[in-house]
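Enquirer: The sequence shown maps to residues 1 to 294 in the UniProt record's numbering.
Please note that a few of the clues may not be correct.
[Stated by the list, open to error] Straight line, CA to CA, 30 Å or less: simulated DSS-like cross-link-like pairs of lysine-lysine:
hint	residue 1	residue 2
1	Lys43	Lys66
2	Lys69	Lys37
3	Lys277	Lys240
4	Lys37	Lys139
5	Lys164	Lys62
6	Lys240	Lys139
7	Lys164	Lys97
8	Lys139	Lys97
9	Lys118	Lys144
Honestly, the hints are just simulated from the structure, not real lab data.
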Amino acid sequence: MQKTKANSTKLNRAKKQANDEYYTGYDFVDKEISRFKKHLENKIIYLNCDDPTISNFYKFFKDKFKELKLKHLICTGLNLITNLTFHYEFDGEVESKYTPENYSGKYDDPYSIELLKKADIVITNPPFSMFRHYYDFLKKYEKKFLIIGLNLAAQYENVFDDIKNSRTRVIAASNTDFAIPKAIENKVYKYLNGQLYATVNVDWYTNLGDYDGNPFLNLWLTYTPSLYSKYDTHDAIECKHLSSIPKDYQGLMGVPITFMYKWNPKQFTLIDVIRPKLNGHSLFTRLLIKHRNG
Numbered sequence: 001m002q003k004t005k006a007n008s009t010k011l012n013r014a015k016k017q018a019n020d021e022y023y024t025g026y027d028f029v030d031k032e033i034s035r036f037k038k039h040l041e042n043k044i045i046y047l048n049c050d051d052p053t054i055s056n057f058y059k060f061f062k063d064k065f066k067e068l069k070l071k072h073l074i075c076t077g078l079n080l081i082t083n084l085t086f087h088y089e090f091d092g093e094v095e096s097k098y099t100p101e102n103y104s105g106k107y108d109d110p111y112s113i114e115l116l117k118k119a120d121i122v123i124t125n126p127p128f129s130m131f132r133h134y135y136d137f138l139k140k141y142e143k144k145f146l147i148i149g150l151n152l153a154a155q156y157e158n159v160f161d162d163i164k165n166s167r168t169r170v171i172a173a174s175n176t177d178f179a180i181p182k183a184i185e186n187k188v189y190k191y192l193n194g195q196l197y198a199t200v201n202v203d204w205y206t207n208l209g210d211y212d213g214n215p216f217l218n219l220w221l222t223y224t225p226s227l228y229s230k231y232d233t234h235d236a237i238e239c240k241h242l243s244s245i246p247k248d249y250q251g252l253m254g255v256p257i258t259f260m261y262k263w264n265p266k267q268f269t270l271i272d273v274i275r276p277k278l279n280g281h282s283l284f285t286r287l288l289i290k291h292r293n294g
């Protein structure tokens, strides 16, 4: 009886962990990676959160290895349901499969870390619940990265600090449908060709390349006190839409979180992420900004 209970507990734990697994579609990877391909030439790419038997990142980079002019491809991961671990490598001609002993398959396993040290760029869709730790882990080893995270990950203190100092940038993902395991069937929004899909709001987080920012926002409104309300909780005015940002206001302004996609650090300074109140009502998350010349 105890053995049955233990097995049941283990399976339930695996299913709970699987709830955090969202598998990126091949079309998504194909479309998105093309935006960054100039950074990948002659680079060792490491997918350190991917089961190569099902990862579309691995399938894509293997298919496009020569087109992208990659140097080498490494993929390691863990299947949370079967508990099998994987280590695949591809050099453009030969695929090698390894079965290391006592390997957890996790990105912070000593075995994975040794592979990480050899890599130039890490590209993956890490478990969303581990994003904070994963992000700091990559920074610790000073790795270039191109990773997928939830929209709200930009609000994490460790991530936001890098964003506002232009060490990391946020790029909106063009598609947000992720294949999911049947363990979380209750969260499905789509069922297509026998595969379950969930719609998740995600972004790319990367430190690839120099970043000069987006084009300047074209601002045409001037500040009129009667048209702009101040928050109850912060010494800043509310700008409900990006188009309502006044061109001449020198104080702090609260703007929608989507401002992150349009931000040019030469035009505005990012100050903080806040949850303000206005006329006694709590608002959605805002970015606190200021004109660079203000």
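Enquirer: Each of the hints needs a verdict: does it hold here or not?
Expert: So, going through the hints one by one against the coordinates:
1. Proposed proximity of lysine 43 and lysine 66 is supported: the alpha carbons are some 12 Å apart, at most 30 Å.
2. For the suggested pair lysine 69 and lysine 37, the alpha carbons sit about 9 Å apart, so the restraint of at most 30 Å is met.
3. In summary, the hint linking lysine 277 to lysine 240 is supported, as the alpha carbons are separated by about 13 Å, within the 30 Å threshold.
4. With a C-alpha separation of about 22 Å, the suggested pair lysine 37 and lysine 139 falls inside the 30 Å cut-off, and the hint holds.
5. Using a Cα cut-off of 30 Å, the hinted pair lysine 164 and lysine 62 is violated, with the two alpha carbons roughly 35 Å apart.
6. Note on lysine 240 and lysine 139: the hinted pairing is violated, with a Cα-Cα distance of about 34 Å set against a maximum of 30 Å.
7. For the hint pairing lysine 164 with lysine 97, the CA-to-CA distance comes to about 41 Å; that exceeds 30 Å, so the pair is violated.
8. Distance check on the hinted pair: lysine 139 and lysine 97 sit about 28 Å apart at the alpha-carbon level, within 30 Å; holds.
9. Among the hinted pairs, lysine 118 with lysine 144 is consistent with the structure: their alpha-carbon atoms are about 12 Å apart, no more than 30 Å.
Checked against the numbered hints given earlier, the structure breaks hints 5, 6, 7 and satisfies all the rest.
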